[in-house]
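For the record, the sequence lines run as chains F and W. The numbers in this note's numbering rise by one with no breaks, and the one at position 227 of the first sequence is 227. The numbers in this note's numbering rise by one with no breaks, and the one at position 130 of the second sequence is 130.
Please note that the accuracy of each hint is not assured.
Said to hold, decoys possible - Think about it this way: if two alpha-carbon atoms lie no more than 30 Å apart in a straight line, the pair counts; the simulated DSSO-like pairs of lysine-lysine are:
#1 F/Lys56 - F/Lys221
#2 F/Lys133 - F/Lys117
#3 F/Lys221 - F/Lys202
#4 F/Lys117 - F/Lys202
#5 F/Lys117 - W/Lys128
#6 F/Lys105 - W/Lys128
#7 W/Lys128 - F/Lys133
#8 F/Lys75 - W/Lys128
#9 F/Lys128 - W/Lys128
#10 F/Lys105 - F/Lys117
#11 F/Lys202 - F/Lys120
#12 F/Lys19 - W/Lys189
#13 F/Lys105 - F/Lys19
#14 F/Lys221 - F/Lys27
#15 F/Lys19 - F/Lys221
#16 F/Lys202 - F/Lys133
#17 W/Lys128 - F/Lys56
#18 F/Lys128 - F/Lys105
#19 F/Lys117 - F/Lys27
#20 F/Lys75 - F/Lys128
#21 F/Lys120 - F/Lys105
Stated by the list, open to error - Just so you have them, the derived chain W footprint on chain F, three or more residues with Cβ under 8 Å:
#22 91–101
#23 149–159
I should point out that these hints are in silico values taken from the structure, not numbers from a laboratory. Note that the Cβ used here is the ideal one computed from N, Cα and C, for glycine as well.
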Amino acid sequence: MIEISHVDKWYGTTFQALKDCTTSVAKGEVVVVCGPSGSGKSTLIKCVNVLEPFQKGTITVDGVSVGDPRTNLPKLRARVGMVFQHFELFPHLRIIDNLCLAQEKVLGRPHADAIAKASKLLDRVGLKDHAEKYPAQLSGGQQQRVAIARALAMDPIAMLFDEPTSALDPEMISEVLDVMVDLARDGMTMMVVTHEMGFASKVANRVIFMDQGEVVEDAIKTDFFDKPRSERAQKFLSKILSH
Amino acid sequence: MIANFDFDVIRRSLGYLFLDGMTFTLMLTGLATFGGIIWGTLIAMMRLSGVWVLSRIAQLYVDLMRSLPLVLVIFWFYFLVPYIGQWLTGASRPIRVGAFESSLLTFTLFEAAYYAEIMRAGIQSISKGQPAAASALGLTYWQTMRYVVLPQAFRNMLPVLLTQTIVLFQDTSLVYVLSITDFLGAASKVAQRDGRLVEMYLFAALVYFVISSIASFGVRRLQARIAIVR
Numbered sequence: 001m002i003e004i005s006h007v008d009k010w011y012g013t014t015f016q017a018l019k020d021c022t023t024s025v026a027k028g029e030v031v032v033v034c035g036p037s038g039s040g041k042s043t044l045i046k047c048v049n050v051l052e053p054f055q056k057g058t059i060t061v062d063g064v065s066v067g068d069p070r071t072n073l074p075k076l077r078a079r080v081g082m083v084f085q086h087f088e089l090f091p092h093l094r095i096i097d098n099l100c101l102a103q104e105k106v107l108g109r110p111h112a113d114a115i116a117k118a119s120k121l122l123d124r125v126g127l128k129d130h131a132e133k134y135p136a137q138l139s140g141g142q143q144q145r146v147a148i149a150r151a152l153a154m155d156p157i158a159m160l161f162d163e164p165t166s167a168l169d170p171e172m173i174s175e176v177l178d179v180m181v182d183l184a185r186d187g188m189t190m191m192v193v194t195h196e197m198g199f200a201s202k203v204a205n206r207v208i209f210m211d212q213g214e215v216v217e218d219a220i221k222t223d224f225f226d227k228p229r230s231e232r233a234q235k236f237l238s239k240i241l242s243h
Numbered sequence: 001m002i003a004n005f006d007f008d009v010i011r012r013s014l015g016y017l018f019l020d021g022m023t024f025t026l027m028l029t030g031l032a033t034f035g036g037i038i039w040g041t042l043i044a045m046m047r048l049s050g051v052w053v054l055s056r057i058a059q060l061y062v063d064l065m066r067s068l069p070l071v072l073v074i075f076w077f078y079f080l081v082p083y084i085g086q087w088l089t090g091a092s093r094p095i096r097v098g099a100f101e102s103s104l105l106t107f108t109l110f111e112a113a114y115y116a117e118i119m120r121a122g123i124q125s126i127s128k129g130q131p132a133a134a135s136a137l138g139l140t141y142w143q144t145m146r147y148v149v150l151p152q153a154f155r156n157m158l159p160v161l162l163t164q165t166i167v168l169f170q171d172t173s174l175v176y177v178l179s180i181t182d183f184l185g186a187a188s189k190v191a192q193r194d195g196r197l198v199e200m201y202l203f204a205a206l207v208y209f210v211i212s213s214i215a216s217f218g219v220r221r222l223q224a225r226i227a228i229v230r
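Given these sequences and hints, build the entire structure.
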C-alpha cells in the first residue's frame with residue numbers, strides 16, 4: 001500500500017533530515033514508527049502525503065508515485081487520512097462542518113450525504129452530542145477524536161498518525177488510543193508515529209525504529225520488543241520502558 | 001463676536017451637505033473598502049506565495065503605494081488613467097474617465113497596499129498546521145485559502161481592517177483636489193458662496209468627529225466580542 005524507497009531529505013543544503021529511508025506498509029497492516037525526538041519520524045510520515053517534499057528516492061501510495069510532478073497531489077491526499085499532533089481542527093467551523101468541508105469540496109458529496117457520514121463517524125468516536133459545538137469547546141482528547149473522524153469521513157485507503165497523543169493530558173490519551181485500536185482491528189492500513197509502546201504491542205504488526213534520520217530497525221513487533229538488534233533501539237526501549 | 005456667526009447657514013444647506021456630499025463620501029468609502037480588501041488580500045497572498053517573482057512584485061507595489069503622498073496618487077491617476085485606458089483599449093484618443101471612477105480606482109489601489117499588510121499579518125497569524133491539515137484532506141491551495149485560512153485571517157483582523165476604513169473615510173476628503181463634491185467639498189462650496197467659512201468648517205469637523213468616533217466605538221465593541229468567541 002505504502003512503499004518508501006531510498007528517501008533522502010535535506011532542510012536547506014546542510015541538514016539531512018532523512019537518510020536513505022526504505023520501508024513499507026502493506027494493506028491492512030499497522031506499522032508503528034518510533035525513535036527519539038529529532039530522529040526524522042515525523043518528517044518521514046509527512047513525506048508520504050508530501051506535506052514535506054523530499055529530494056531523492058520514491059514513495060508510492062497504492063501504486064501512485066507521490067513525488068512525481070504529474071501526480072495530482074490533492075487527489076492523492078484526499079485518499080490518505082492524516083491525524084496531527086495538535087489536532088488542527090478548523091476553529092471557525094462547527095464540529096459537523098469540520099467533518100463535512102472536505103467531503104463536499106473535495107469529493108463533491110451532496111450536503112445531506114456528508115452530514116449523514118459525519119454523524120455516523122461522530123457516533124463511532126463517541127461524540128455525537130458535540131456536532132454543533134466549536135472545536136475550542138471540546139477537550140484535547142475529544143478534539144483528536146474529531147480529527148480522526150474528519151480523516152475517516154474521506155473514506156481513506158490508509159491513515160497516517162503523527163504523534164496523535166503527544167499533545168494530550170495523560171488522562172485523555174486512552175480515549176484516543178481506544179479509537180485507534182478499534183480502527184486497527186477493523187483492518188485499516190495505518191502508519192503511526194508514536195511513543196505509546198502499549199499501543200504498539202497491542203495492535204502493531206511491525207515496528208520501525210528511527211534515529212538521526214535513518215531507519216535503524218524495521219522488525220516484526222515481537223522481534224522488536226523481545227530482542228532489538230541494534231544498540232540504539234535497545235537503549236531507546238530501556239529508557240521509555242523503564243517506568 | 002459669536003453674534004456675528006450665522007449658524008442657520010448649516011440648516012439651510014443640510015440637504016446639499018448630506019444628500020449630495022455625505023452620500024458621495026460614504027459611497028466612495030464603502031466601495032473603496034470593498035475593492036481594497038479584495039485586491040489587498042490578493043496582494044498579501046502574492047507576497048506570501050513563496051513564488052519569488054510574485055512576492056517581489058507584491059512587495060514593490062506595497063512599498064511604492066506607501067511611500068507616495070495620497071494627493072499625488074489621486075492627481076496622477078486622474079491625469080494618467082485616460083492614457084492608460086487609451087493604451088489598453090487601443091482607442092485613438094485618451095478615454096474619458098469621470099472624476100468618481102478615477103478617485104474610486106485610486107482609493108481602491110492605494111488602500112489595497114494598507115489592507116494587504118493587514119491581511120498579510122492576519123494570514124501569518126494562522127498556524128502552519130491549519131493549511132497543512134486542509135491540504136492533507138485534499139483541499140487545493142485556493143480551497144485552503146477560501147475555506148480555512150482567509151476566514152480565520154479576516155476574522156482576526158476585522159477590527160484592524162475597520163480601523164483602516166475609518167482612516168479611509170477621512171482620507172476621501174482629499175478628492176477636493178479634483179473638485180468633486182464630497183461632504184467636505186460640499187461644505188467648502190457653501191462656505192465660499194455664503195462667506196461662512198468658520199461656521200461650515202466647524203460643522204464639517206464636528207460631523208467627521210462624530211462619525212469617526214461612533215465607528216471607532218463600534219470597532220472596540222466588536223473587538224471585545226471577537227475576543228470572547230475565540
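Quiz item: Has the given pair, F/Lys221 with F/Lys202, been kept, meaning a C-alpha gap of at most 30 Å?
Solution: It holds: about 9 Å lies between the C-alpha atoms, which stays within 30 Å.
Pair hint outcome, F/Lys117 versus F/Lys27 [Cα-Cα no greater than 30 Å] | holds, 24 Å
Practice task
With a cut-off of 30 Å on the C-alpha distance, tell me whether F/Lys128 and F/Lys105 pass.
Solution key: Roughly 23 Å between the alpha carbons, so the hint for F/Lys128 and F/Lys105 holds.
Satisfaction of hint between W/Lys128 and F/Lys75, Cα-Cα up to 30 Å: Holds, because 21 Å separates the two Cα atoms, which is no more than 30 Å.
_Does W/Lys128 sit within 30 Å of F/Lys128, going by the straight-line distance between their CA atoms?_
Holds, because 29 Å separates the two Cα atoms, which is no more than 30 Å.
| task | For the pair supplied as a hint, F/Lys133 and F/Lys117, confirm whether the alpha-carbon distance does not exceed 30 Å. | result | holds, 17 Å
Given the proposed pairing of F/Lys56 with F/Lys221, does the C-alpha separation stay at or below 30 Å? holds, 29 Å
- Holds or violated: are the alpha carbons of F/Lys202 and F/Lys120 at most 30 Å from each other? holds, 26 Å
- Query: Is the straight-line distance between the alpha-carbon of F/Lys105 and that of W/Lys128 30 Å or less?
  - Reply: holds, 21 Å
W/Lys128 paired with F/Lys133 [C-alpha distance capped at 30 Å]: Answer holds: W/Lys128 to F/Lys133 is near 23 Å, not above 30 Å.
Can you confirm whether the C-alpha distance between F/Lys105 and F/Lys19 stays at or below 30 Å? Since the Cα atoms of F/Lys105 and F/Lys19 sit roughly 37 Å apart, the hinted pair is violated (cutoff 30 Å).
Mind taking a look at whether chain W covers the stretch 91–101 of chain F? Criterion is 3 or more residues with CB to CB distance under 8 Å. It holds: at least three residues are needed, and the stretch 91–101 of chain F offers 3 whose Cβ sits within less than 8 Å of chain W.
Comparing the model with each earlier hint shows violations of hints 12, 13 and 16; every other hint is respected.
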